[in-house]
Structures are given as structure tokens and as C-alpha cells.
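Chain V is fixed; fit chain L onto it per the hints.
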Amino acid sequence: GAVVSQHPSRVICKSGTSVKIECRSLDFQATTMFWYRQFPKQSLMLMATSNEGSKATYEQGVEKDKFLINHASLTLSTLTVTSAHPEDSSFYICSASRDQETQYFGPGTRLLVL
Amino acid sequence: SQQGEEDPQALSIQEGENATMNCSYKTSINNLQWYRQNSGRGLVHLILIRSNEREKHSGRLRVTLDTSKKSSSLLITASRAADTASYFCATAYQAGTALIFGKGTTLSVSS
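Residue numbers (my numbering), protein chains in the order written: chain V, -17 to 96; chain L, 906 to 1016.
Just chain V, with the same shape it has in the complex (with noise of 0.2 angstroms):
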């Protein structure tokens, strides 16, 4: 099955400092990748949807300027916790479809911020 990868795996962060989260799909190309977050004891929450060239969408709620998107190639989606604070705390995981049904979940990466 196809293959998406999430890097880091996880992370700890002091408040105010930046963290990228990588999503790659290894073995398909992706022109969307979407990503979520899931808080402990939750469901997954859909945060944005990244379209390779252009602008990210998000939901409602979810701060732009905040989660920063960036889909620079058809493999490659990141999402950019700036100035995290202990709230931003979660799991976030990326999706990326291979043939607009499935879906394929990366692992996801569980934030820390102290």
C-alpha cells in the first residue's frame, strides 16, 4: 500500500519557538495532502488542506498565520507550528491521497510544548 511518512516523530518545544512537521508520500505523487490534529482522548480535526503550487485552505478556527502550509512539491507538504505555546500541544498527522478514494495517514507527530 502507499506510503506516507511524517517527520518528526515527535517533538518538545519551548513556548514561543517555531516547529516544522514534515509530510512526505514515498511512493505516490500528492497533489493534495491534508492535515489534522487530534487532541488526547479526541477524534482527528481537520486543520487545513494543502494543494501542491498554491494556498492552503483552512478551517474554520484555524489560524493562517499560525499553521503555516507550504506544498513546494508533489511529495512534500509542511506545517509550521509558529510560536507554539503549551495549548498547540497535540498529534498532528498529514493524509495524502493516491487515487481520490483511499486516503493514507502518516504516522503523525506528537507536539510537546512547555
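In case anyone wonders, no lab produced these hints; they're calculated from the structure. For glycine and all other residues, C-beta sits at the position ideal for the given N, C-alpha and C. One or more hints might be untrue.
To be verified - So the derived list for chain L, only partly shown, Cβ under 7 angstroms to chain V, looks like this:
1. 921
2. 1000
3. 1001
4. 1006
Chain L only, in chain V's frame:
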């Protein structure tokens, strides 16, 4: 925004028993998918059912879809301890669009 609800929120059963989880959604869909998530880990895709399908099987999994009621069910037969996980349904409004997840059912299978 959260698309749907799942019930039960938590389910505890013995090994060998069947587990049934239900999912309801609010808008029209292109497909509905079920995922499993072990604690603190990523998602594993289980099965996809399209809006024009009513039932689908995969191994010990059986999924039904009732578009008139906007609901789906996931049946895991002959459950095993390894099936212990959270299960989420997710809907796609159109093919290739973002998935909207339900709140999930936490399944605990004891041996």
C-alpha cells in the same frame, strides 16, 4: 467541523464475541471509511464503502451503509485482544476531499 456521531463511545467485550459500532453522519457523501487507531499511534485504514454500496466485507470486518438513514455500522466478528483500539468512521463529501471524522468508539477486548 465534526461530521457525525458514533456509538457506543466505549465497548468492552470478551474475546470471541462480536463487536458492532455505529456511525451517523449529516450530509450527503461520496464514500465512508473506517479506521483503527491504537493508543497514541497513527491510523490504519480498514475499509471503504461507496455511497452506492450497501454492504462490504473484508476478513472479519463487515460494513453496512444506509444512505437513507445516513448511518453505517462496523461489525468485527470473533474479536481478538489485538482488536483493542479506537475505531473511527470518516466521510468524504466528494472523492478526494478531506475526511470528516466521527468521535470514535473505543473497543476493549479482554482475553
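(message) Can you verify the interface hint for residue 921 of chain L: is its Cβ closer than 7 angstroms to any Cβ in chain V?
(response) Violated. Min distance 28 angstroms.
(request) Identify whether the interface hint at residue 1006 of chain L stands, where standing means a beta carbon of chain V within less than 7 angstroms of its own. (result) With a minimum Cβ separation of about 5 angstroms from chain V (threshold 7 angstroms), the hint on residue 1006 of chain L holds.
(message) Is the interface hint satisfied for residue 1001 of chain L? The criterion is a beta-carbon contact with chain V at less than 7 angstroms.
(response) holds (4 angstroms)
(message) Hint residue 1000 of chain L vs chain V: min CB-CB distance below 7 angstroms?
(response) Because about 4 angstroms separates residue 1000 of chain L from the closest Cβ in chain V, which is inside the 7 angstroms limit, the hint holds.
Violated hint for the displayed structure: number 1, the only one.
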